[in-house]
Each structure stands twice: as C-alpha cells, then as structure tokens.
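2 protein chains.
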Amino acid sequence: MSSPDARQIRFIKRPEGPVGAESFEIFSMPVPDPATGEVVIRNRYLSLDPYMRSALNSAENLGRPIEGRVVGQIMASRHPDFREGDWVFAMGRWEQVSLVDGAAARHVNTNIAPASAYLSVLGFTGLTAWSGLKHYGAMHEGETLFVSAASGAVGSVAGQIGKINGLRVAGCAGTDDKVAWLLGELGFDAAFNHRTAPDLTEAVASACPEGIDIDYENVGGAVFDAVFRDMRYGGRIVVCGAISQYEREPRPCVPNIGDFISKRLNMRGFSVRDHADEIHQYVEEAAGWLRDGRLKYRETIVTGIENAPAAFARLFSGENFGKLVIDVG
Amino acid sequence: MSSPDARQIRFIKRPEGPVGAESFEIFSMPVPDPATGEVVIRNRYLSLDPYMRSALNSAENLGRPIEGRVVGQIMASRHPDFREGDWVFAMGRWEQVSLVDGAAARHVNTNIAPASAYLSVLGFTGLTAWSGLKHYGAMHEGETLFVSAASGAVGSVAGQIGKINGLRVAGCAGTDDKVAWLLGELGFDAAFNHRTAPDLTEAVASACPEGIDIDYENVGGAVFDAVFRDMRYGGRIVVCGAISQYEREPRPCVPNIGDFISKRLNMRGFSVRDHADEIHQYVEEAAGWLRDGRLKYRETIVTGIENAPAAFARLFSGENFGKLVIDVG
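Protein chains in written order, with the numbering used here: chain G, 1 to 329; chain A, 1 to 329.
Any given hint could turn out to be false.
When chains are identical, the list treats them as one kind, so a pair holds in a single copy or across two.
As the list claims (entries may be wrong) - Listed next, the in silico DSBU-like pairs over lysine-lysine satisfying Cα-Cα at most 35 Å (straight line):
id : residue 1 : residue 2
1  : 263       : 163
2  : 163       : 296
3  : 296       : 134
4  : 263       : 134
5  : 13        : 263
Just so you know, the hints here were simulated from the structure itself, not pulled from any lab data.
Model the full assembly from the supplied sequences, consistent with the hints where possible.
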C-alpha cells in the first residue's frame, strides 16, 4: 500500500550574506510509519526562530529539513501515551508530517491557550525568557532590566517576567509600532526605536537613568555596546541571542574587560536546551499569568509551509512582529 | 614636644600615557599620634600593585599618598590587640609611617615566612589568586587552566593553585626567563613568551591543545583575544586584571558574544576586596603549601621609599619579576 505524500522543506544551499528563499526547496516524501515508541505528527504549526540561522552555516545540514518545534495532531502512534488525534508539541522539522520519538512529545492543553501558543508564550520561546532570567538573571525587586529585541517572541516574555517580579523594565525594538506596544500593552517603563534613535548611548541612558542591573541580551552589536556602558555595579548580562551578528562576520567587540572588574559584571551565555526539563514548571506558571492577564503575547502566523523560507528571512530584517509561526494548514 | 618627620610619597600629577616618576613627589610629615583604637605602624615593606594604576586617573587623589598594603612594626598603639614592636600588616599608604585603624591591622607570623611574604604569597596578592579561582573558577581536576601574566605576583599563585587542584596549567609571560621559571620551578605544563610568539593564536592553541576550561585573566588585549578563541564549552573567564589596558584608551574589544551562547561561557570580574574576610582562611591553607614546597614565590625588593615611583612604572613595562615590594628601610 503506498502512503500519501507530505511536503518537506529542505535546506539546499548555504546563504552568502542574508538568508533568502533560494536556500530552500520543497520536496515530497512519503508519510512515514512509526516504529515502536514513535509517533507521527500531522503538523499544524511550525515555529521559526532566529537560532535556526546557525544551522545554515553547516554543510552537514545540506539536503535535510531544518529542525524546528511543531504543534500538531497525532496521525499514528506506537507510544502508549499518545492516541490518534491527540494535540502535542515536539521537536519536529520544516515539514507537514514529522516522525518523532514519543518520549520527546508532550500533550498541549488548548483550554489554556490556542495550540499555537505552545510554540510561543507557552513553549520554548517563553521558557527561554523565563529560564534565562531565573538561572542567570538573579532578579531583585526594584532593579532595572533592559531587554533588546524587546518586542520579539523571547524579549516580550522576558520584559513581562521582569515586570511581574517588580523590576523596572526598559527595552528597544525596531519600529515605532513595536515600541508603542511595549509601552502600551506590555507596560514597559521605557522603550525606544533603536533604528531611528540618533544616539544609542543617549537612548539607553535616558531609558535607564539609574543604569542597568540585568541586560537580557538578544541582539549584540551597537545596541549591546551602548547597554554595556550603563551596566551597574554587580550587573548581570544574560546572553540569549545576538541576532545582529548572525548574518555577518563575527564582530569581535564588546566593551573593555576592565569594566568587568570595576563593576563586578557577570556575563553568561545560555541555551534553553539546557533547561528543557523545566518546561512543565514554566507552562504551569505562565498559564497562571496568561489567565491573570499579566502575560500577553503576539504572534505573526504565516499560512502555508511553502512560505516558511521567505518568512524566515524576514526574522532577520525585522519585518516580523511577535512570534513567527507557520500555519502548515 | 615636636615629633620626628617621616617621608611620604604623594601623587601630584595625573600621567598622560605611561606613568612615570614625575607623577609623584616626596614630602615630609610629622609622625602622627594614634587616637583611641588606632595604631601607628613604622612601615618596613610597601606593596606596589598594578591595580593602583586606576587611582592615578582620579583628580580626587591629587596631593595625597596612594593607598597600599604595608608590613611593619607598631610604633605606637591605642588598640588593645597591638603593642609596640608587634609585626603587622595593614592597608597603609606610600609612606614611612602609617596611622591606621587597629581593627584593620593584622599580626603577621614570621615563623611561616619572612614578613615581606605577607604582601605577596601570604597576603592579598595570594588571596586574589585563591579567591578568584575558588569563587568564580569552579576548578575540576583534569581541566585546563590558562593564566596570563603567569609569572606575576597573582598569576604565579593562581597557576600553582591550579596544579595543587589537579588541573593542567598553561600560561604566558613576557620574557624567556619568566617562561623558564614557570616551566621549571613552578611546574606549569606549558608556557610561552607572549612578546616573542610569532602568532598568539597558535601559541595559545599549542599550549592548550584541548582548549581552556578556565582563563584566569590578568592582561586583556591581544593575549585575551587568542585565549578566548580556545575557551571550551562551559568555560569560565575569571577577570582579575587587564594590565595591558591600564595605560591606554579603553580597548572596546573581546570576541563575539555569540560564542558566549554556543559555548555557555561565563565571564566574571571580581576584586579581592570582596573577599578580604577570607584572608585568615587563605593564609592557613597557603602556609601549609609553603611548608610542603607546593607553593613557591618570587619577590623583587627595591630598597628606599624614594624609589617607589620608578619601580611602580616598571610594573607596566614588564621589567619586574615576581611580586614588587619596596623595602622602606
């Protein structure tokens, strides 16, 4: 019996400079059968995230679909915890149907939020914000948190977690609309447009007049240089991302290491992968904040898996607003 | 009754570029009388350290003697713990006689080591190495420790503490003599001359073929850039000093912050001042290592307080070998 085909987007060409749709091609593949312990998911939503950019630097990944988190329904299961029709989220790939180890899939509860939220505010994106601040931020009430790319999927959750914990929160984003959303809906204490600010040092200083205790860093580059100047004694720099750096030669600059001594700074890079086992604890906490209205989120949902490559490219040009999700359909 | 005079070196002119003797002048001052709780110390040894360079950037310090740790004998005491003739160490100043709060002075035990050692291996210099590695280094047996300025007063203790804890230890220094001392007497596993190495990246890589787990950073600049490249996953950068940076405009460079994420690096600046209350614990441990021959040290003792300014300048040109101490005489 021949299986029906499912579409898959494969990475076929390493980008030189900014990534574009030409790095990808659509293929058809037969729907796989699960072996013992495995499940097959009909993906409904696919998460597109800046961290995926690094996979495109590796020749090893050529000819393969990029990995990505998905939400969908079980099509076939040989794992005792899952039955056909169950909604789950898992690490899948850029494809309509993903075969995964059942042990790595998790049920989603659509009573808390729509299924797509498990790729954004209730998923690893939210967990990234939460685990970074929790483990490396050492938040204290009344301190100042600065978030770069603050309207982004991770940044917006980081800023709101700061507010929930009683911090003063400032941030930057790349359009006036995004800045207005930070100040209005999300309750940031200060925010500016880093693309139009005439002087980043001044913009950061006036957003954070008493300096910065915690920098939740998503961007790197010139914004980070300005933020670094205003770090306070004992400041923590939580390095989550460096999106300004992903599409160019490594920029070998952050400020003078002497400042690390005089201000006792701590700078720590981390990945949410190190905190994957905390997802249940996070979802429980975040679900409460969603119910209370203390945690808000915004998604950009692009329909059609064939549009994933172009949508992915927009992550780096800043045209996207909130969490980018593909509705696989 | 008029008191005898004592000489004091005051800071009179901020240096433009490398510090020289012209930034200082010798004055005479009357020997002070202690108030209740105070003691007067006839300084025998004065510690000169790179960290003092930052005091010369501040106009507030003009006209005053620079602070520095001293070892000497009590001349007059109005503190119950000290009697005339006791040997003590304390934070004094560049002067023959220092008036200090008795609560901040400590007895030295010259049965363990000569009194001058309380300014080097048994003093805050040693404590700097020990507390930095202990609190921020997270040493594990078999890991690789890299120490820059490894023959220096702090670096040499840091490297030996690494060896005592079962680490592989590599380092760099600025003359072949110093390198030979690291490899010979101190038992470093690898060392190179950073002034003559044709390629620092290659020199670090061949000194640390499996990469670096802990960088005990004293120098900054080009050496640090090379070390940073070879940091291993989970690496710790303990920032103690940046001597290459003290005499120039801040150099706004360390490598790409993306590496912080991919390697989960942690970079922490610290100061021994935060660990002053651990000096007793350190001295106890270090005294044991000195007795066992597991901890060695080297001092350059310059005689005459009038020679302190010129000797201080040599700290930054690299002409000095081991801990620089002035024998006040």
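Is it within a copy, between copies, both, or neither that the alpha carbon of residue 263 lies no farther than 35 Å from that of residue 163?
-> Classified as both: same-chain Cα gap 25 Å, cross-chain 29 Å, threshold 35 Å.
Under a CA distance limit of 35 Å, which applies to residue 13 and residue 263: within one copy, between copies, both, or neither?
-> For residue 13 and residue 263, only the inter-copy Cα distance (26 Å) is at most 35 Å; the intra-copy one is 45 Å.
Status of residue 134 relative to residue 296 across identical chains (alpha carbons, at most 35 Å) | Classified as within; 19 Å inside a copy, 42 Å across copies.
Alpha-carbon proximity between residue 163 and residue 296, which holds within one copy, between copies, both or neither at 35 Å = Answer is within: at 12 Å inside a copy they meet the 35 Å cutoff, but 52 Å across does not.
How do residue 263 and residue 134 come out at 35 Å by Cα distance, when the copy is not named: within, between, both, or neither?
-> both (21 Å within a copy, 19 Å between copies)
Every hint from the earlier list agrees with this structure, and none is contradicted.
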